[in-house]
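Novice: Let's have the full structure, built from the sequences with the hints guiding it.
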Amino acid sequence: MTEQQPYTVLDTYPGFELRAYPAHVVAETDVDTEFDAAGNAAFRTLASYIFGANTSQQKLAMTAPVTQEAAGGRGSTGEQLAMTAPVTQQHAGQGYTVAFVLPAEVSLATAPVPDDPRVRVIGKPAATTAVASFRGRGGREAYQEQLRELDAALAKAAFTPVGEARYARFDPPITPGVFRHNEVQIDVQADGEEKTAP
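FYI, in UniProt numbering the residues of the sequence shown are 1 to 198.
Don't read these hints as lab results, they were simulated from the structure. For glycine and all other residues, C-beta sits at the position ideal for the given N, C-alpha and C. Hints should not be assumed to be uniformly reliable.
Derived CB-CB ranges, DEER-like [stated by the list, open to error]:
| no. | residue 1 | residue 2 | range |
| --- | --- | --- | --- |
| 1 | F179 | N40 | 16 to 26 Å |
| 2 | R118 | T2 | 18 to 28 Å |
| 3 | A158 | A61 | 37 to 47 Å |
| 4 | Q57 | E17 | 15 to 25 Å |
| 5 | E105 | Q57 | 12 to 22 Å |
| 6 | A37 | T2 | 21 to 31 Å |
| 7 | D191 | L147 | 29 to 39 Å |
| 8 | A61 | P173 | 15 to 25 Å |
| 9 | D191 | E17 | 16 to 26 Å |
| 10 | D115 | T2 | 22 to 32 Å |
| 11 | G52 | P14 | 43 to 53 Å |
Specialist: See the structure below:
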(Lines of atoms letter the chains of each structure in order from A and count residues from 1; the text may use other names and numbers.)
(Lines give C-alpha, C1' and ligand atoms only; values in the text may rest on other atoms or scores of the structure.)
Protein backbone atom coordinates (compact mmCIF):
# COMPACT_ATOMS: atom_id res chain seq x y z
CA MET A 1 0.00 0.00 0.00
CA THR A 2 1.22 3.50 -0.84
CA GLU A 3 2.37 5.61 2.09
CA GLN A 4 -0.03 8.48 2.84
CA GLN A 5 1.08 11.97 3.79
CA PRO A 6 0.53 12.30 7.57
CA TYR A 7 -1.94 14.83 8.99
CA THR A 8 -4.14 15.42 12.03
CA VAL A 9 -7.88 16.13 11.74
CA LEU A 10 -8.58 19.30 13.72
CA ASP A 11 -12.33 19.52 13.10
CA THR A 12 -15.09 18.63 10.66
CA TYR A 13 -17.36 21.27 9.12
CA PRO A 14 -20.24 20.97 6.65
CA GLY A 15 -18.51 20.42 3.31
CA PHE A 16 -14.91 20.01 4.49
CA GLU A 17 -12.45 18.63 7.00
CA LEU A 18 -9.92 20.92 8.70
CA ARG A 19 -6.48 19.29 8.91
CA ALA A 20 -3.05 20.14 10.29
CA TYR A 21 -0.23 19.06 8.00
CA PRO A 22 3.32 18.97 9.37
CA ALA A 23 6.22 20.48 7.47
CA HIS A 24 7.13 18.18 4.60
CA VAL A 25 9.18 17.93 1.42
CA VAL A 26 7.93 17.70 -2.16
CA ALA A 27 9.50 17.16 -5.56
CA GLU A 28 7.72 19.37 -8.08
CA THR A 29 7.84 20.37 -11.73
CA ASP A 30 5.92 22.72 -13.99
CA VAL A 31 4.07 21.58 -17.09
CA ASP A 32 2.55 23.82 -19.75
CA THR A 33 -0.56 21.86 -20.61
CA GLU A 34 -4.28 21.60 -19.91
CA PHE A 35 -5.61 20.68 -16.45
CA ASP A 36 -6.61 17.11 -17.33
CA ALA A 37 -3.23 16.32 -18.96
CA ALA A 38 -0.96 17.90 -16.31
CA GLY A 39 -0.58 14.86 -14.05
CA ASN A 40 0.41 12.56 -16.90
CA ALA A 41 2.71 15.19 -18.43
CA ALA A 42 4.64 15.58 -15.16
CA PHE A 43 4.60 11.95 -14.02
CA ARG A 44 7.63 10.64 -15.92
CA THR A 45 9.81 13.59 -14.86
CA LEU A 46 8.92 13.24 -11.17
CA ALA A 47 8.88 9.44 -11.16
CA SER A 48 12.40 9.39 -12.63
CA TYR A 49 13.58 11.46 -9.66
CA ILE A 50 12.07 9.16 -7.01
CA PHE A 51 13.19 6.04 -8.90
CA GLY A 52 16.85 7.13 -8.74
CA ALA A 53 17.51 9.92 -11.27
CA ASN A 54 19.30 11.97 -8.63
CA THR A 55 22.91 12.60 -7.64
CA SER A 56 22.96 9.77 -5.07
CA GLN A 57 20.91 7.37 -7.24
CA GLN A 58 18.67 6.93 -4.19
CA LYS A 59 15.23 5.41 -4.69
CA LEU A 60 12.38 6.95 -2.70
CA ALA A 61 9.01 5.37 -1.92
CA MET A 62 5.96 6.65 -3.77
CA THR A 63 3.76 8.62 -1.38
CA ALA A 64 0.18 9.85 -1.87
CA PRO A 65 -1.14 12.28 -2.80
CA VAL A 66 0.14 13.71 -6.05
CA THR A 67 -0.89 17.38 -6.04
CA GLN A 68 -1.54 19.85 -8.83
CA GLU A 69 -2.05 23.62 -8.71
CA ALA A 70 -1.87 26.57 -11.07
CA ALA A 71 1.72 27.38 -12.07
CA GLY A 72 2.92 30.62 -10.60
CA GLY A 73 0.76 30.08 -7.53
CA ARG A 74 2.30 28.83 -4.31
CA GLY A 75 4.06 25.97 -6.08
CA SER A 76 7.53 27.30 -5.42
CA THR A 77 7.07 28.66 -1.91
CA GLY A 78 9.06 27.15 0.88
CA GLU A 79 12.74 26.47 1.23
CA GLN A 80 14.38 24.98 -1.85
CA LEU A 81 17.10 22.34 -1.84
CA ALA A 82 20.43 23.87 -2.85
CA MET A 83 21.44 22.80 -6.33
CA THR A 84 25.00 22.17 -7.49
CA ALA A 85 24.45 24.23 -10.65
CA PRO A 86 22.24 27.26 -11.28
CA VAL A 87 18.67 26.41 -12.20
CA THR A 88 16.32 29.05 -13.54
CA GLN A 89 12.62 28.67 -14.06
CA GLN A 90 10.10 31.14 -15.39
CA HIS A 91 6.40 30.54 -15.23
CA ALA A 92 4.58 31.29 -18.46
CA GLY A 93 1.49 32.18 -16.45
CA GLN A 94 -0.20 29.06 -17.79
CA GLY A 95 0.08 25.42 -16.97
CA TYR A 96 0.39 23.64 -13.65
CA THR A 97 2.82 22.74 -10.91
CA VAL A 98 2.60 19.01 -10.13
CA ALA A 99 4.22 17.68 -6.96
CA PHE A 100 5.03 14.31 -5.42
CA VAL A 101 4.96 14.40 -1.62
CA LEU A 102 8.15 12.69 -0.45
CA PRO A 103 8.13 10.12 2.39
CA ALA A 104 7.81 11.63 5.89
CA GLU A 105 11.34 10.59 6.88
CA VAL A 106 12.86 12.66 4.04
CA SER A 107 13.95 16.16 5.04
CA LEU A 108 15.31 18.94 2.88
CA ALA A 109 18.76 18.06 4.25
CA THR A 110 18.47 14.37 3.31
CA ALA A 111 16.59 14.61 -0.01
CA PRO A 112 18.79 13.69 -2.97
CA VAL A 113 19.55 16.41 -5.52
CA PRO A 114 17.64 15.83 -8.79
CA ASP A 115 19.59 15.10 -11.98
CA ASP A 116 16.87 16.84 -14.01
CA PRO A 117 16.86 20.66 -13.61
CA ARG A 118 13.07 20.69 -14.17
CA VAL A 119 12.60 18.99 -10.78
CA ARG A 120 12.66 21.21 -7.70
CA VAL A 121 12.85 19.80 -4.18
CA ILE A 122 10.98 22.14 -1.83
CA GLY A 123 10.49 22.16 1.93
CA LYS A 124 6.87 23.07 2.69
CA PRO A 125 5.96 24.64 6.04
CA ALA A 126 3.33 23.21 8.36
CA ALA A 127 -0.16 24.35 7.35
CA THR A 128 -3.80 24.34 8.39
CA THR A 129 -5.69 23.01 5.38
CA ALA A 130 -9.36 22.72 4.44
CA VAL A 131 -10.03 19.52 2.50
CA ALA A 132 -13.05 18.42 0.47
CA SER A 133 -12.86 14.74 -0.55
CA PHE A 134 -14.64 13.23 -3.53
CA ARG A 135 -14.67 9.97 -5.49
CA GLY A 136 -14.55 9.40 -9.22
CA ARG A 137 -12.29 9.98 -12.17
CA GLY A 138 -11.72 13.59 -11.15
CA GLY A 139 -10.70 15.97 -13.88
CA ARG A 140 -11.18 19.68 -14.41
CA GLU A 141 -14.98 19.82 -14.20
CA ALA A 142 -15.19 17.71 -11.04
CA TYR A 143 -12.35 19.71 -9.46
CA GLN A 144 -13.96 23.07 -10.28
CA GLU A 145 -17.34 21.94 -8.93
CA GLN A 146 -15.75 20.73 -5.67
CA LEU A 147 -13.69 23.94 -5.43
CA ARG A 148 -16.82 26.12 -5.76
CA GLU A 149 -18.54 24.10 -3.03
CA LEU A 150 -15.46 24.28 -0.79
CA ASP A 151 -15.14 28.06 -1.28
CA ALA A 152 -18.78 28.49 -0.24
CA ALA A 153 -18.35 26.22 2.80
CA LEU A 154 -15.21 28.12 3.87
CA ALA A 155 -17.03 31.45 3.69
CA LYS A 156 -19.86 30.09 5.86
CA ALA A 157 -17.38 28.72 8.40
CA ALA A 158 -15.40 32.01 8.48
CA PHE A 159 -12.15 30.72 6.98
CA THR A 160 -10.05 32.61 4.43
CA PRO A 161 -8.04 30.74 1.78
CA VAL A 162 -4.29 31.39 1.86
CA GLY A 163 -2.78 30.73 -1.57
CA GLU A 164 -3.87 28.49 -4.41
CA ALA A 165 -6.13 25.46 -4.18
CA ARG A 166 -4.55 22.07 -4.89
CA TYR A 167 -6.05 19.07 -6.63
CA ALA A 168 -4.82 15.93 -4.82
CA ARG A 169 -4.97 12.48 -6.40
CA PHE A 170 -4.38 9.34 -4.36
CA ASP A 171 -4.79 6.43 -6.77
CA PRO A 172 -2.93 5.11 -9.82
CA PRO A 173 -4.57 5.62 -13.24
CA ILE A 174 -5.51 1.92 -13.46
CA THR A 175 -7.88 2.28 -10.47
CA PRO A 176 -11.51 2.25 -11.70
CA GLY A 177 -13.02 5.74 -11.46
CA VAL A 178 -15.64 4.87 -8.84
CA PHE A 179 -12.87 3.76 -6.45
CA ARG A 180 -10.58 6.77 -6.91
CA HIS A 181 -10.08 9.12 -3.97
CA ASN A 182 -9.50 12.80 -4.82
CA GLU A 183 -9.35 15.96 -2.76
CA VAL A 184 -9.44 19.71 -3.14
CA GLN A 185 -7.05 21.21 -0.59
CA ILE A 186 -6.70 24.88 0.38
CA ASP A 187 -4.48 26.26 3.13
CA VAL A 188 -6.61 28.52 5.33
CA GLN A 189 -6.67 30.86 8.26
CA ALA A 190 -9.65 31.67 10.46
CA ASP A 191 -11.17 35.08 9.74
CA GLY A 192 -9.63 37.57 12.13
CA GLU A 193 -6.48 35.45 12.50
CA GLU A 194 -3.30 37.33 11.59
CA LYS A 195 -1.68 35.98 8.44
CA THR A 196 1.86 34.72 8.86
CA ALA A 197 4.42 34.52 6.08
CA PRO A 198 5.16 31.00 4.78
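Novice: Which hint numbers doesn't this structure obey?
Specialist: 4, 7
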